[in-house]
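> Chains A and B, in that order, give the protein sequences.
Position 190 of the first sequence, counting from 1, maps to 190 under the working numbering, and the rest follow consecutively.
The number in the working numbering is simply the position in the second sequence, starting from 1, with 1000 added.
No wet-lab data here; the hints were simulated from the structure.
Chain A regions said to be covered by chain B (calculated; three or more residues, Cβ under 8 Å): (1) 118-128; (2) 167-179; (3) 198-206; (4) 217-225; (5) 243-253.
Keeping only pairs whose Cα atoms sit at most 27 Å apart, straight-line, the calculated DSSO-like set for lysine-lysine is: (6) B:Lys1315 x B:Lys1201; (7) B:Lys1277 x B:Lys1243; (8) B:Lys1271 x B:Lys1241; (9) B:Lys1339 x A:Lys201; (10) B:Lys1315 x B:Lys1243; (11) B:Lys1277 x A:Lys108; (12) B:Lys1165 x A:Lys201; (13) B:Lys1165 x B:Lys1327; (14) B:Lys1063 x B:Lys1008; (15) A:Lys201 x B:Lys1315; (16) B:Lys1034 x B:Lys1165; (17) A:Lys201 x A:Lys108.
Please read all numbers here as calculations on a predicted model, not as lab measurements.
Where is the CB? At the ideal position from N, CA and C, for every residue including glycine.
Residues per chain are reported as follows:
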Amino acid sequence: MTWEYLIWFAGAATLCWVAGAVMALRGQRVGVTAVMSAVGSAIFFSFIVGMWLSLERPPLRTMGETRLWYSFFLSVAGVTVYARWRYKWILSFSTLMSVVFICINLLKPEIHSKSLMPTLQSVWFVPHVIVYMFAYAMMGAVTLFAIYLWVRSARVEPQGEELGVCDNLVRIGWAFLTLGMVMGALWAKQAWGDYWTWDPKETWAAATWLGYLLYLHLRQQTRDYNLLFALLIFNFLMLQMCWWGINFLPAAQGVSVHTY
Amino acid sequence: MTLQWGYKRAFWRCVLLMVVGAALQMTLGDFDNKFLRYPWGLIFAINYLYLLLLIYVQGAKWKWLQQLSDGYAMISSLASLMVLTIIFGLTRQDPSTTGVIGALGFSRMTSSWVFILVLFYFTTTLGVTVIRDLHHFRKVRLAASLSHVVVFVCLTAAMFGSADKERVTVSLALDRMTYMGQTRDGEAYELPFALTLREFKMEEYPAKLYILDTQTENSSQEFLLAESEGAEAQVGEWQLKAKHIVDMAIRMPESAEWREMHHVGAAPAVKVEAVNKATGARFEGWVSCGSHIMEPAYLWLGERYAVAMPRREAKRYLSRLEIMDDKGEQWRENIEVNKPARIGAWRIYQVGYDTQRGRWSTSSVVECVRDGWWGVVQVALWLMLAAAGVMFLTAGGRRIAKKSKEVKQ
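Please model the entire structure based on the sequences and the hints provided.
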């Protein structure tokens, strides 16, 4: 499997996801709709597995490779949330975001090397990155929903149930951020001798984690949705800084051990 | 948005704490954690826990004590810590003390009084919340309560155990016993055990061949991975083919030929055929990255471009160590990246080697790390994994959604 096949697998997956999203909006049966979207995710996952086999290592190292997982997990998160809470709009959101990241990979392909440096050869590598990608996907979904609710608030006030959706997504996303951070800490102890070294990536991961934690606590104390939505968007910006922003941040140049 | 009085008071408390921190930073300089060295760190930690218990118990009587750990205090301390962490992330960490950032200690954030006081305040509000959670335990709050406990344990262990961490870098030369190392502050440190490097081994990834523009010194983005003989790749307008691959080769004197030889300093070499797709021009010759005794070899493609091989990337490297503890007991261990050796509270990590000599390195750099509190932190981290799992499984959100509805009404 090579990157040239991405367009075909992604194309087939997108067709299924779009069909699932349309079916959900039209209010068709939940089971059939979820299966349609899940088939799209399965097709996309088969590309990832193919890359894994041909690279002889998990495709989790480069930005392009992590974007593959991001697209995949966005679709999985969409199907899971739809099947569990039956939000009709979620499949449209998850499809849109998955496709955006696929397009970035198609338009800006990177040179993907086969080698994996010794530090990355650990049992923690795969779960650490995968749970982070899943968390990022959930936070991406909640950010989009928050923007939608905020823009709409000029006409319709956000309902309690809709804010409840934000809470659910943040709780799941935060749980996965925690999993990723703790796995990273256990791995860091094994690789570098310390579980926390305030490396720029770690510092921004901590800031993001605190930001979402602040949302979860603030949510129980305030009904000011302007403040809550602003915080969600701000947190997502911090998450971007943690994910790729530090590669361009002057304060982090040449000091992060998280550069691969 | 009008801020409630509770928030105003709580945020002012944080601002005051930061001002006090800044004043201490300017008068006393960086926070020095040496006073927390064993056993004092442990003694302070036990007293701190007792103090938290007192705050919780006396909170019923004294309102101001209660305010140290109410919802407002939690939000304000969490927000303050987040802001300082963002400043931390935006500030380059170096020893400079110049400028406002340097004077406030933000360029050495972990030693900054402002950061430490806010972190301490946050941990205190969290600690009292933990006691409250345990005192009034409710099953529905299992995930939150568990998260509170483990985050509190991690922060407490990290703060009170920070002075007990030792990181000692040791440079080992082949067959020479060493028990002295250097701390990060550059001080000599005598280890309670001695290390001898008996062997250094390294595996490398297959060679990658790039086309180098010798005028701009830029190399091509694409490359030929010389994984097996016959491997081909299109690099720019050139079709490269690896005709013969030798893992350990020596260039023959006065000749462009490379021959297989297992000898110290031998380098990988690839015989390459390059064909220009546009002009049909064809070149063939040996390419090697060289070694500490061999010059690299290039295949010239006319006057400007050449096929070049950078040093191969390390796949894994290990040091075979002989360890002797203070009782005179001896044993052997292999250490490599991600696989440290363990001696009591110490762990020995593979850090580096002589990169000039690569796989022929006769030295190895290891780091010996001691963290007496790691056991506590490790348990807390595993519990945190469990807490996150519980949070994911219980994120049904019906309760919060219902609550929001009630609030709206």
